[in-house]
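Order-wise, the sequence lines are chains A and B. Just so you know, we're using the numbering used here here: the first sequence kicks off at 13 and counts up by one. Just so you know, we're using the numbering used here here: the second sequence kicks off at 5 and counts up by one.
One thing to keep in mind: the hints can contain errors.
[Claimed, not checked] Here chain B is said to cover these stretches of chain A; the calculated rule only asks that three of the stretch's residues, wherever they fall, bring their Cβ under 8 Å from a Cβ of chain B: (1) 48-55; (2) 77-86.
[Said to hold, decoys possible] Subject to a maximum C-alpha distance of 25 Å in a straight line, what follows is the list of computed SDA-like cross-link-like pairs (lysine to any residue): (3) A:K30 x A:E116; (4) A:K83 x B:L50; (5) B:K116 x B:H14; (6) B:K104 x A:R56; (7) B:K53 x A:N43; (8) B:K72 x B:T59; (9) B:K104 x A:N43; (10) B:K72 x B:M87; (11) B:K72 x B:S30; (12) A:K69 x B:I64; (13) A:K69 x B:H14; (14) B:K72 x B:P83.
[What the hints assert, rightly or not] Ranges between beta-carbon positions, derived for each pair: (15) A:T17 x B:T59: 30 to 38 Å; (16) A:T98 x B:S74: 36 to 44 Å; (17) B:Q46 x A:T95: 24 to 32 Å; (18) B:L24 x A:E91: 23 to 31 Å; (19) A:K82 x B:H86: 39 to 47 Å; (20) B:K73 x A:S19: 36 to 44 Å; (21) B:K73 x A:L53: 24 to 32 Å; (22) B:L22 x A:T17: 17 to 25 Å; (23) A:E42 x B:Q49: 19 to 27 Å; (24) B:L24 x A:K30: 25 to 33 Å; (25) B:Q46 x A:L53: 12 to 20 Å; (26) B:S88 x A:E121: 16 to 24 Å; (27) A:G52 x B:L24: 38 to 46 Å; (28) A:T27 x B:G57: 49 to 57 Å.
Don't read these hints as lab results, they were simulated from the structure. Because the structure is a prediction, the values reported are computed rather than measured. For each residue, glycine too, the CB sits at the ideal point set by N, CA and C.
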Amino acid sequence: DVKVTQSSRYLVKRTGEKVFLECVQDMDHENMFWYRQDPGLGLRLIYFSYDVKMKEKGDIPEGYSVSREKKERFSLILESASTNQTSMYLCASSLWTRGENTGELFFGEGSRLTVL
Amino acid sequence: AQSVTQLGSHVSVSEGALVLLRCNYSSSVPPYLFWYVQYPNQGLQLLLKYTTGATLVKGINGFEAEFKKSETSFHLTKPSAHMSDAAEYFCAVSSTGGFKTIFGAGTRLFVKA
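Isolated chain B (complex conformation) (with noise of 0.2 Å):
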């Protein structure tokens, strides 16, 4: 069975500070990861997925993450905040063959000025 923790329910940092997600999964077979981003009343839009190959993956809006296999992490990253990033963020993890897609409870990022 495949699960996905997020560690944080609410991480807050200020604008032009690094932003750091954590996510850990399990997976019993090769995974795919994805973050995914939710803006208030709005449904959830793709920010990157690891699928195979290169371990780090660059995302819309300045995001990137990386795929380590030892540590079974995906967290996601952010060099410099902006107040548009605040937002809630899911990631989730999937694998090839399958038709679920596993979601992390989410971290809400709040940006202060």
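If we strip away everything but chain A, and leave its shape as in the complex, we get (with noise of 0.2 Å):
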């Protein structure tokens, strides 16, 4: 089975302080993804990334970077924590499948950030 592990499952940060979510998945997927999920607006999504060191702005970057040095980690860094990134953070997996993305994405158990 896929696993997709995130490090933290719950974190408390202040304002100002530099946070980092880690996701390692087990199966060698090419694609990785971070979401953010809110009550009543879904599952957003932040960055991606299809190869090692490549990263593309999903459709809300600001305030958030990531990382990508290994094939099977990324990475999502929140600079500088602020009281509206308190959320609960998604990281996804996919595979390309003979040439194509079925979009089937592997998730992992997400981690619960409060800014205080």
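Each chain sits in its own coordinate frame; assemble them with the hints.
What follows is the structure, given as structure tokens:
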């Protein structure tokens, strides 16, 4: 089974702190994603990566950055956390099949971040 | 651009009753369609997907969905609800060659004893 592991399930940080959210997948997937989940808004894409050292902005990249130094690991960075970044963060990965991305995502269990 | 609309943020059914969760999408290219389920304090897991071929797709836990191109719909159904079905359900759309999967706002399903 595909396993996507997020390093922290719950975090509490203070405004202005730097926050690292780590995600590791064990199925050699090319694509990795960071989503933010808020009630009534569904999941919104922050950043994604289709290869090592490659990154692309999603729909809400402001206030975030990412790093993908190894294929299996995709990190989300909040350079200076703010209260409006309190949310559930979900990491996901997906596979290219025969040159196509079917869009099927495999999710981690989420990291719930509270910024005070 | 692609988008997804889920009708009803909350749906309540009695145990044993039919479950119907509605999803409409818009896409300028042939879509791939998904339903995901999220149990409390967990990530999302795939229930079922439509890519090509048969328009009625069956998923896990007795759920199924039908792709209706003329109605741009992909409604999720289950003939008989079980207490363990209580969760949040997300409809999503992507397309071949695309990286992005677009999610609906979610529908929380409540099952009454």
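Hints and how they fare:
1. Restraint check on the region 48-55 of chain A versus chain B: 4 residues with Cβ-Cβ distances below 8 Å, three needed, restraint holds.
2. Here the region 77-86 of chain A counts 0 residues with a CB under 8 Å from a CB of chain B, which misses the bar of 3, and the coverage is violated.
3. Straight-line distance between C-alpha atoms of A:K30 and A:E116 comes to about 31 Å, which puts the hinted pair past the 25 Å bound.
4. The straight-line distance between the Cα atoms of A:K83 and B:L50 is roughly 23 Å, inside the 25 Å bound, and the hint therefore holds.
5. For the suggested pair B:K116 and B:H14, the alpha carbons sit about 13 Å apart, so the restraint of at most 25 Å is met.
6. About 10 Å separates the Cα atoms of B:K104 and A:R56, which keeps this hinted pair within 25 Å; it holds.
7. Under the criterion of a C-alpha separation no larger than 25 Å, the hint pairing B:K53 with A:N43 is consistent with the structure, at around 19 Å.
8. Between the alpha carbons of B:K72 and B:T59 the distance comes to roughly 7 Å, so the proposed pair stays at or under 25 Å and holds.
9. As the CA atoms of B:K104 and A:N43 are separated by approximately 10 Å, the hinted pair is consistent with the 25 Å bound.
10. For the hint pairing B:K72 with B:M87, the CA-to-CA distance comes to about 29 Å; that exceeds 25 Å, so the pair is violated.
11. A C-alpha spacing of about 12 Å is found between B:K72 and B:S30, which places the hinted pair at or below 25 Å, so the restraint holds.
12. For the suggested pair A:K69 and B:I64, the alpha carbons sit about 33 Å apart, so the restraint of at most 25 Å is broken.
13. Pair hint A:K69 plus B:H14 does not hold up; C-alpha atoms about 31 Å apart against a cutoff of 25 Å.
14. Annotation: proposed proximity of B:K72 to B:P83 holds, straight-line Cα distance about 19 Å (limit 25 Å).
15. Hint check: A:T17 to B:T59, Cβ distance near 36 Å, so the stated range 30 to 38 Å holds.
16. Roughly 42 Å separates the CB atoms of A:T98 and B:S74, a value that falls within the hinted 36 to 44 Å.
17. Separation of B:Q46 from A:T95 is about 25 Å and conforms to the stated range, judged on CB atoms against 24 to 32 Å.
18. Between B:L24 and A:E91 the beta carbons are some 44 Å apart, a value that contradicts the proposed interval 23 to 31 Å.
19. Between A:K82 and B:H86 the C-beta distance comes to about 41 Å, which sits within the given range of 39 to 47 Å.
20. Restraint check, B:K73 to A:S19: a C-beta distance of roughly 42 Å satisfies the suggested window 36 to 44 Å.
21. In this structure the supplied range 24 to 32 Å holds for B:K73 paired with A:L53, their Cβ-Cβ distance being about 27 Å.
22. Against the hinted window of 17 to 25 Å, the Cβ-Cβ separation of B:L22 and A:T17 comes to about 37 Å, which falls outside the hint.
23. About 21 Å separates the C-beta atoms of A:E42 and B:Q49, a value consistent with the hinted range of 19 to 27 Å.
24. A hinted range of 25 to 33 Å for the beta carbons of B:L24 and A:K30 is inconsistent with their spacing of about 46 Å.
25. For B:Q46 and A:L53, the Cβ-Cβ distance of about 18 Å falls inside the hinted range of 12 to 20 Å, so the restraint holds.
26. Our hint of 16 to 24 Å for B:S88 and A:E121 holds, since their Cβ atoms are close to 18 Å apart.
27. Taking the beta carbon of each, A:G52 and B:L24 are about 21 Å apart, not inside 38 to 46 Å as hinted.
28. Separation of A:T27 from B:G57 is about 51 Å and conforms to the stated range, judged on CB atoms against 49 to 57 Å.
The structure does not agree with the numbered hints 2, 3, 10, 12, 13, 18, 22, 24 and 27 stated previously, though it agrees with the rest.
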